[in-house]
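Grab the two chains, each in its own frame, and use the hints to assemble them into the complex.
Spelled out, the chains give:
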Amino acid sequence: MRIDTSIRVTGAAGQGVHTVGNLIMRMVVGAGYHFHVTQDYMSRIRGGRTAQGIRIGSDPVRAGREETEILLAINPDLLPHFLPAVARDGFALADVPSADPPLVAAPLGEMAARAGSPILANVVGAGAIAFALGIPLETADSILAADFQGDYFDKNRTALRLGAEWARDHLPERIRERFRLPPRVPATRIILSGNEALALGAIAGGCKFAAGYPMTPGTGILSVLAREGPSVGLVFEQAEDEIAALTMALGAAYTGARSLVATSGGGFALMVEALSLAGMMEIPVVVVLAMRPGPATGMPTRTEQGDLEFALSAGHGEFPRLVLSPGSPEEAFDLAQHAMDMAEAFQVPAIVLTDQYLADTIVDIDPSSCAVRPVRRHIVRGGSVPGGEPGKVLRYAITESGISPMTVPGEAGITVVSDSDEHTEDGHLTEDHATRIRMVEKRLRKGSMLAGRTVPPLVSGPPNGELLLIGFGSTKEVIEETRQILARDGRTVATVHLRQVWPFPADEITEIVSRFGTVLTVENNAGGQLARLIRRECGVTVDGTIPRYDGLPFTPAEAADAVRTRRGG
Amino acid sequence: MTEKYDTDVETAWCPGCGNFGILNAVKKALEATGKEKHEIVLVSGIGQAAKLPHHVDVNVFNGLHGRALPAAAGIKMANAGLTVVVTSGDGDIYGEGGNHFLHNIRRNVDIALFVHDNQVYGLTKGQASPTSDAGWPGALQRSGALSAPFPPLAVALALGCGFVARGYAADVDFTADLMLQAIRFPGFALVDILQPCVTFNRKNTYEWYGRRAVKLPPEHDVTDRRKAMDLALKWEETIPLGVLYRKEMPTFGQRHPQVSGPALCDRETPEEAIRALLRKRMTAAG
Chain A
364 MRIDTSIRVT
374 GAAGQGVHTV
384 GNLIMRMVVG
394 AGYHFHVTQD
404 YMSRIRGGRT
414 AQGIRIGSDP
424 VRAGREETEI
434 LLAINPDLLP
444 HFLPAVARDG
454 FALADVPSAD
464 PPLVAAPLGE
474 MAARAGSPIL
484 ANVVGAGAIA
494 FALGIPLETA
504 DSILAADFQG
514 DYFDKNRTAL
524 RLGAEWARDH
534 LPERIRERFR
544 LPPRVPATRI
554 ILSGNEALAL
564 GAIAGGCKFA
574 AGYPMTPGTG
584 ILSVLAREGP
594 SVGLVFEQAE
604 DEIAALTMAL
614 GAAYTGARSL
624 VATSGGGFAL
634 MVEALSLAGM
644 MEIPVVVVLA
654 MRPGPATGMP
664 TRTEQGDLEF
674 ALSAGHGEFP
684 RLVLSPGSPE
694 EAFDLAQHAM
704 DMAEAFQVPA
714 IVLTDQYLAD
724 TIVDIDPSSC
734 AVRPVRRHIV
744 RGGSVPGGEP
754 GKVLRYAITE
764 SGISPMTVPG
774 EAGITVVSDS
784 DEHTEDGHLT
794 EDHATRIRMV
804 EKRLRKGSML
814 AGRTVPPLVS
824 GPPNGELLLI
834 GFGSTKEVIE
844 ETRQILARDG
854 RTVATVHLRQ
864 VWPFPADEIT
874 EIVSRFGTVL
884 TVENNAGGQL
894 ARLIRRECGV
904 TVDGTIPRYD
914 GLPFTPAEAA
924 DAVRTRRGG
Chain B
6 MTEKYDTDVE
16 TAWCPGCGNF
26 GILNAVKKAL
36 EATGKEKHEI
46 VLVSGIGQAA
56 KLPHHVDVNV
66 FNGLHGRALP
76 AAAGIKMANA
86 GLTVVVTSGD
96 GDIYGEGGNH
106 FLHNIRRNVD
116 IALFVHDNQV
126 YGLTKGQASP
136 TSDAGWPGAL
146 QRSGALSAPF
156 PPLAVALALG
166 CGFVARGYAA
176 DVDFTADLML
186 QAIRFPGFAL
196 VDILQPCVTF
206 NRKNTYEWYG
216 RRAVKLPPEH
226 DVTDRRKAMD
236 LALKWEETIP
246 LGVLYRKEMP
256 TFGQRHPQVS
266 GPALCDRETP
276 EEAIRALLRK
286 RMTAAG
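Chains as they are written, first to last, in this note's numbering: chain A, 364 to 932; chain B, 6 to 291.
Just so you know, not all the hints are guaranteed correct.
[Said to hold, decoys possible] Derived DSS-like pairs: lysine-lysine, alpha-carbon spacing no greater than 27 Å straight-line: (1) B:LYS285 <-> B:LYS232; (2) B:LYS220 <-> B:LYS33; (3) B:LYS9 <-> B:LYS40; (4) B:LYS208 <-> B:LYS252; (5) A:LYS755 <-> B:LYS9; (6) A:LYS755 <-> B:LYS208; (7) B:LYS232 <-> B:LYS252; (8) B:LYS40 <-> B:LYS252; (9) B:LYS220 <-> B:LYS239; (10) B:LYS252 <-> B:LYS33; (11) A:LYS755 <-> B:LYS33; (12) B:LYS33 <-> B:LYS9; (13) B:LYS40 <-> A:LYS755; (14) B:LYS285 <-> A:LYS518.
Derived by calculation from the structure, the hints in this document are not laboratory data.
With the rest of the complex left out, here is chain B (with noise of 0.2 Å):
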C-alpha cells in the first residue's frame, strides 16, 4: 500500500468498519492520477465518512453535514486546475444534502462524489439513513424504516448524470479502479460504494453483500442508459457492481463562459474595468 498520502492523524473507526477498505481505494486512485498532493482536494462533510479526508494527505475542505457538494463545486468553479473529490456518507449526500445532489449532478461540475453507503447513520449511533432497507430496525424507526429506501443510481441516472457507478468497499482494488475512472470522467461522477457497517448494521454485512453483489461483465454496454436503470433498481437479490453508464457531456466549467482561464484568486481588478462600468452609468454634461 502507498505511503505517499499517509497523515499522522489517527481514525476514529471501529475495527472491521468498511471506511478501511474506501479509505486505502481513494489512496490508490489518487496515486494512479499522478496528480501532484496540492492539485488534489478531498471535500466531505460530517459523519465517520467524512471523517476520511483527515487521513489523506491532500487539500481538505472538512465542511457540514450535507453540503459538501456545494462547497465543492465552489471550490471547482473558482479554481479548474484542482481535482475535486467528494467523500462522505449516505446521510451526508442522500438525507441532508438531497438538494445538492440533485442539482450539481444537473449542473454537471467537474467532480467526483463517492458515497460511502452503509445504509445506516453510524457517528449518532444506528438510526435510519435514507437507504435504509424498508423495514430495517433503526434506533429511532421503533417500527422499523417505514420510508422507500432512497435509490442513488437510479436518482442519478433519471438526472442525466454521465458516471454512474457502484462499488464495494471489500474489495478495494476494484473500487479504486471505479474512482479513477469516476476522477478522469469529465463531469460530475457518481461512485456509490457498499459498505458495512459492523457495530450499526446487523442486516446488511459482509456476508449480506457477499452474497449479492456480482460485478458487471465486460460486455455490459455502459451507453445504454434503459439499461442502466434496470441495473440500478436491482437490490434485493443481486447488487450489480462497476460502471453502469458513461456519456460525456459538456460540463459545468466549459459551459460557463467565465471558469476556464485563470483561477480566480489570480485574477486582477483593474481600476479601469470599474471606471468603464461608473461611465456606462453617467449622464452626459451639458
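Bound-form chain A, shown alone (with noise of 0.2 Å):
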C-alpha cells in the first residue's frame, strides 16, 4: 500500500512547533517509513507564525505538498491560514469550544496542564497524531528519551499519552482506518538537513577554518561547524562583519587551511570584494551563499533563487570561480565535498549555491548515499617545493595550466609573497603591462581547465518529446515530482538539473534543448535569471520560465498545474 500523507503543525513561534516535527519524524522513520520537512517561519524570536510540513510517504519523499491530511494548530488564531489546505477527508486539530470536520476539537490546553505543563500542547497534538497513525507509544517514549530525562521526561510521556488516549475516544474510526500505517521493519537512516549536509561535506573534505557573521538562513551550518569541527580540529570563529568573515578566511586559507565562509544575499555581498581578492590571490576558498528572497533585507526567513546571477558575477575584475547547485541533502554532502577539493586544486573561489529551502529541509536518506572521498591536498610541501634561486618561489609561477605550485608560509628556506595588485610571478606588485597580460591569461586559462571538470547536469526521463524542464539547486526534486506528474498525464517530460551552474554546461545544454518541442526553465525567483543564462551561454533561447517569487518553495502539484496552464491546459 503507497502510503503519501501531509501534515502540518502549526503556532506561534515558541510553542514548540520543532520538538513536535521532530518529534513525528523520528516517530515515522521509527515505523520503517520515509518522511521530508519543510520550514515555513517568520523573522521573529516569539509569536507569528511558524509551521512545519511534514509528508509521510511509503517511498523516500523528496518534496512538500501544499494540500495537508493532518493539521496540529497549537495556535488555533492561525486556524484561518491553515485550515483551507486540509483535504475533505482529512482532520485539524486546535483548540477550540466546537468544531465542524474536518476541524475537531481537542482540549490540547487543558491535558497539556493534567500532563504537568501547560507548554506540552504541543505535545499532547503530537500523541494524538501518534495514535491516529498506528504508531506504538515505545517508540515514541525512546525517542523521548533521547532529548529527555527525569521529570521531563515524564511529563512529555504523560502528555503524549493523554493526547493518544484523546485520540482514541474522540477521533472518528474512518480517520485511524484512513492514516494508519501498516508495521513494516524500519531501515537505519540518516537525518539530515540541507544546512547540515553541506557542513558535513565541507568537514569532510577537509574543512579547518570556518568564519561567518550570523544570517538566515546561512546560520544554521555555522551552528554544525562549531559544534562538530572540533572533532576533527576545525577552527571557527565568529566574525564582526561578513567581510572580516571572508577575509578572514582567506587568510587561513593563504596558509594552507581549507577555509570555509557561509551566509545569505547580503552578507554575501559584503563579501564580494574579499572575492575578487581570492580571484587575484589564487586563495583557495569555499563561499556558501544560502538565498532568501531580496532585495535588501527581503524576506529574511523565506526562500528564493535570486541571487545567482550575482553569484556568478559577484567580485570586481576577471576571475575563474566554480559555481555549484545541490538539489538535495544528499548532493549538498557531496558537493561541498567537491567545493573543498576543487577551490585548492584551482586555487580559486567556490560557491555553493543553496537557499532557505534546502537549508532547512530534513529528511531521511540511506546512509550509503552519503559517499565520504578521500581528501587528497595540492598544495606542495617539504622536499616538494620548487627550488631555483635561494629561498625564491614562483607563488605565481606561469603554467601551461595556469595553476602555479601553491606553497604556504611557514615552510623552511621560502617566503611567499601575496598581493592584491598586480602581480610578477614571485608576488611583488608591478605595473609592467606584458606582465599583465601574462597573469589574467594565467587566470583565465585556469577558467578553461576548471570547466572541463564539470559536475555534470542530471537528466530524467526519455531521451526526447514535448516538454523539457530545467532547473538548478534546490528544485531538484520538485521539478522531478512535476515530471512525473505530467507524465501520468500522457505527456513526454524530461527533467534536466543544474548541480553546476559555472563553469556552465553548455554543450550538454545545448544539445539536450535541440531534443524537445518546449524548454522552460523551473525557477524561484521573478525574472528567468536561469532562462537568462542558458539563452547568454548557450545562444538558444528557452520558451519560457515557470516562476516563483512569493517566498516560498514549490510544491510539484503547483509547478505542474503551471505547467498545464502555460501550455493552454
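Here it is as C-alpha cells:
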C-alpha cells in the first residue's frame, strides 16, 4: 500500500512546533517510513506564525505538498491561514470549544495542564497524531528519552499518552483507518537538513577553518561547524562582519588551511571585495550562499533563487570561479566535499548556492548515499617545494594550465608573497603591462581547465519529447515529481538538474534542448535568471519560465498546474 | 643597517617620506626577534604605507584596503607558530578598517600592529584621514576637516588593548625597540607611529612633531591604565612617545580550544571521524 500523507504542525514561535515536528519525523522513521520536512517561519523570536510541513511516504519523500491531511494547530488563531489547505478526508486538531469537520476540537491545553505544564500542548497533539498513524507509544517514548531526562521525560511521556488516549476516544474510526501506517521493518537512515549535510560535507572535505556572521538561512551551517568541527581540529570564529569573515578565511587559506564561510545574500554582498581578492591572490576558499528573497533585507526567513546572476558575476575584475548548486541534502554533502577539493586544486573561490528551502529541508536518507571521499591535498610541501634562486618561490609561476604550485608560509627556506595588486611571478606588485597580460591569461587558463572538470547536469525522463524542464539547485526533487505528475497526464517530459552553474555546461544543455519541443526553466525567482544564462551561454532561447517569487518553495502539484496552464490546458 | 631582509623591489615613496624610517625600524625589529624569514608574515592593506612588506624579505600578504587585520587574524588562527605583523596606514586601519581594529583588539589575537600615522591620505593625494587634526585643509575638505580626530591610543585603551605604544618615524632605533616589544608581547599590540608626510601634510611636519614628541620617562608606570588614558589624549602641546600601557592577558589562541596544536594545514581528516559524525544522526534499524 502506497502511503503519502501530509501533516502540518503550526503555532506561534516558541510554542514548540519544531519539537513536535522532530518527534513526528523520528516516529515515522522508527515505523519504517520516510519523510520530508519543510520549514515555514517568520523573522521573530516569539509569536507570529511558524509551520512545519511533514510529508510521510512509504517511498523516500523529496518534496512538500500544499494539501494537508493532518493539521495540528497549537495556536488556534492560525486556523484561518492553514485550515483551507486541509483535505476533505483529513482532519485538523485545535483547542477550540466546538468545531465542524474537518476540524476536531481537542482540549490540548487542559490535557497539557494535566501532564504538568501548559507548554506541553504540542506534545499532547503529537500523541494524538501518533495514535492516528498507528505508531506504538513505545517508539515515541524512546525518542523522547533521547531528548529529555527525569521529570521532563515523565511529563512529556504523560502528555503524549493523554493525547493518544484522547484520540482513541474521540477521533472517528474512519480517520484511524485512513491514516494508519501498516507495520514495517525500519531501516537505518540518516536524518539530515540541507544545512547540516552541507556543513558535514565541508568537514569531510577537509575544512579546517570557518568564519561567519550569523545570517538566516546560512547560520545553520555555522552552527554545525562550530559544534562538530572540533572533532577534526576545525577552528571556527564568529567574525565582526562578513567582510572580516571572508578575509579571515582567506588569511587562513593563505597558510594552507581549507576554509569556508557561509552567509546569505546581504552578507555575500559584503564579501564581494574579498571574493575578488581570492581571485587575484589565487587563494582557495568555499563560500556558501544560502539565498533568501531580496533585494536588501527582503524576506529574511523565506526562500528564493534570486542571487544566481549575482553569484556568477560578484567581484570586480575577471577571474575564474566555481559555482555549484546542490539539489538535495545528499548532493549538498557530496558537492561540499567537491567544492573543498576543487577550490584548492584550482586555487579559486568556489561558491555553493543553496537557499532557505534546501537549507531548512530535513529528510531521512540512505547511509550509503553519503559517500566520503578521501581528502587529497594540492599544496606543495616540504621537499616538493620547487627550488631555484635561494629562498625564491614563484608562487604565481606562469604554467600551461595556469595553475602555479601553491606554497604556504612557514615552510623552511622559502617565503610566500601574495598581493592584491597585479603582481610578478614571485608575488610582488607590478605595473608592467606585459606582465599584466601574462597574469590575466594565466588566471583565465585556470577557468578553462575548471570547465573541463564540470559536474555534469542530471537528466531524467525520455531522451526526447514534447517538454523539457530545467532547473538548478533546490528545485531538483520538486521538478522531478512535477515530471512524474505530467507523465501521468500522458506527456513526454524530461528534466535537467544543474548541479553546477559555473563553468556552465553549455555543450550538454545546447544538445539536450534541441531534442525537445518546448523548453521551460523552473526557477524560484521572478526574472528567469537561468533562462537568461542558457540564452547567453548556449545561444538558444528557452520557451519560458515557470517562476515563483512569493518567498515560498515550489510544490510539484503547483508547478505541474503552472505547466498545464501555460500550455493552454 | 641590516641587509638580511632587503628585496630588489624599488620603493615608490617620496624622498624624505616617514615610511623610510619605519621600514628601517621594521627590519631592525625583525632581525632582533631572532626569527627566520619563513617564520614571519607581514600583512598590509592598501596605501603607500601598505607597500612596506614588499621591501622586506619575509612572507607577505598585501591584501585589500582596510582588511589587513582580519587577514592577519586568520593567518594567526590557522598557524599559531607564525609571527604575524600588520604594517599599514592610518586611513587603512582606523578608517576603512575601523571595525576590524575594534574587534581584533577585543579578540586579543597575538599580532603586532604598526600604524604609519601621517594624518593624511597620501596615495590618493591629500584628503583628510581619520586622524587629521580638526580644521586641517584636506583636498576634499574645503572647509577644513570637520570631524573630530580619531584617537587611536585612547580607543585601544578603552577596548582593553594589552600593549599600547607610540613611536616616531624620525627616531628609528627608538621605534624599532617599541616594535620589538610589540612583536614579543603575547596578544594584540598597537604601535601608532607619527609619520610626517612631506608632500601632502604641511602642518604635521618633522619640525611640528619634533617640537611636541616627548619620550615617556623611565619611571612611567605602564600598568596604570588611567594614566595611560590621560597620556593617550595629549596632542596639541606634547605628544608622549613610548609604551603607554602594558598588561598581559590570555590571547585568542590560548582561549580558543582548537587553535593550539599543529598548523591547520597539517591536520588530517580521518574518514572514521566523518563516519562518526554521520552515525550520530543515524536512526536505529528494526
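Status of the hints after comparison with the structure:
As the CA atoms of LYS285 of chain B and LYS232 of chain B are separated by approximately 55 Å, the hinted pair breaks the 27 Å bound. Annotation: proposed proximity of LYS220 of chain B to LYS33 of chain B holds, straight-line Cα distance about 20 Å (limit 27 Å). Proximity of LYS9 of chain B to LYS40 of chain B is assessed by CA-CA distance (about 12 Å); at most 27 Å being required, the pair is judged to hold. A threshold of 27 Å between alpha carbons decides the hint, and for LYS208 of chain B with LYS252 of chain B the separation of about 34 Å lies outside it, so the pair is violated.
The straight-line distance between the Cα atoms of LYS755 of chain A and LYS9 of chain B is roughly 14 Å, inside the 27 Å bound, and the hint therefore holds. Of the supplied pair hints, the one linking LYS755 of chain A and LYS208 of chain B is violated, its CA atoms being roughly 42 Å apart against a limit of 27 Å. With a C-alpha separation of about 14 Å, the suggested pair LYS232 of chain B and LYS252 of chain B falls inside the 27 Å cut-off, and the hint holds. Straight-line distance between C-alpha atoms of LYS40 of chain B and LYS252 of chain B comes to about 24 Å, which keeps the hinted pair within the 27 Å bound.
Distance hint between LYS220 of chain B and LYS239 of chain B is fulfilled; the C-alpha atoms sit about 13 Å from each other, no more than 27 Å. Between the alpha carbons of LYS252 of chain B and LYS33 of chain B the distance comes to roughly 24 Å, so the proposed pair stays at or under 27 Å and holds. Between the alpha carbons of LYS755 of chain A and LYS33 of chain B the distance comes to roughly 22 Å, so the proposed pair stays at or under 27 Å and holds. Under the criterion of a C-alpha separation no larger than 27 Å, the hint pairing LYS33 of chain B with LYS9 of chain B is consistent with the structure, at around 10 Å.
Between LYS40 of chain B and LYS755 of chain A, the direct Cα distance comes to roughly 18 Å. Compliance with the 27 Å bound is thereby established for this hinted pair. A threshold of 27 Å between alpha carbons decides the hint, and for LYS285 of chain B with LYS518 of chain A the separation of about 26 Å falls inside it, so the pair holds.
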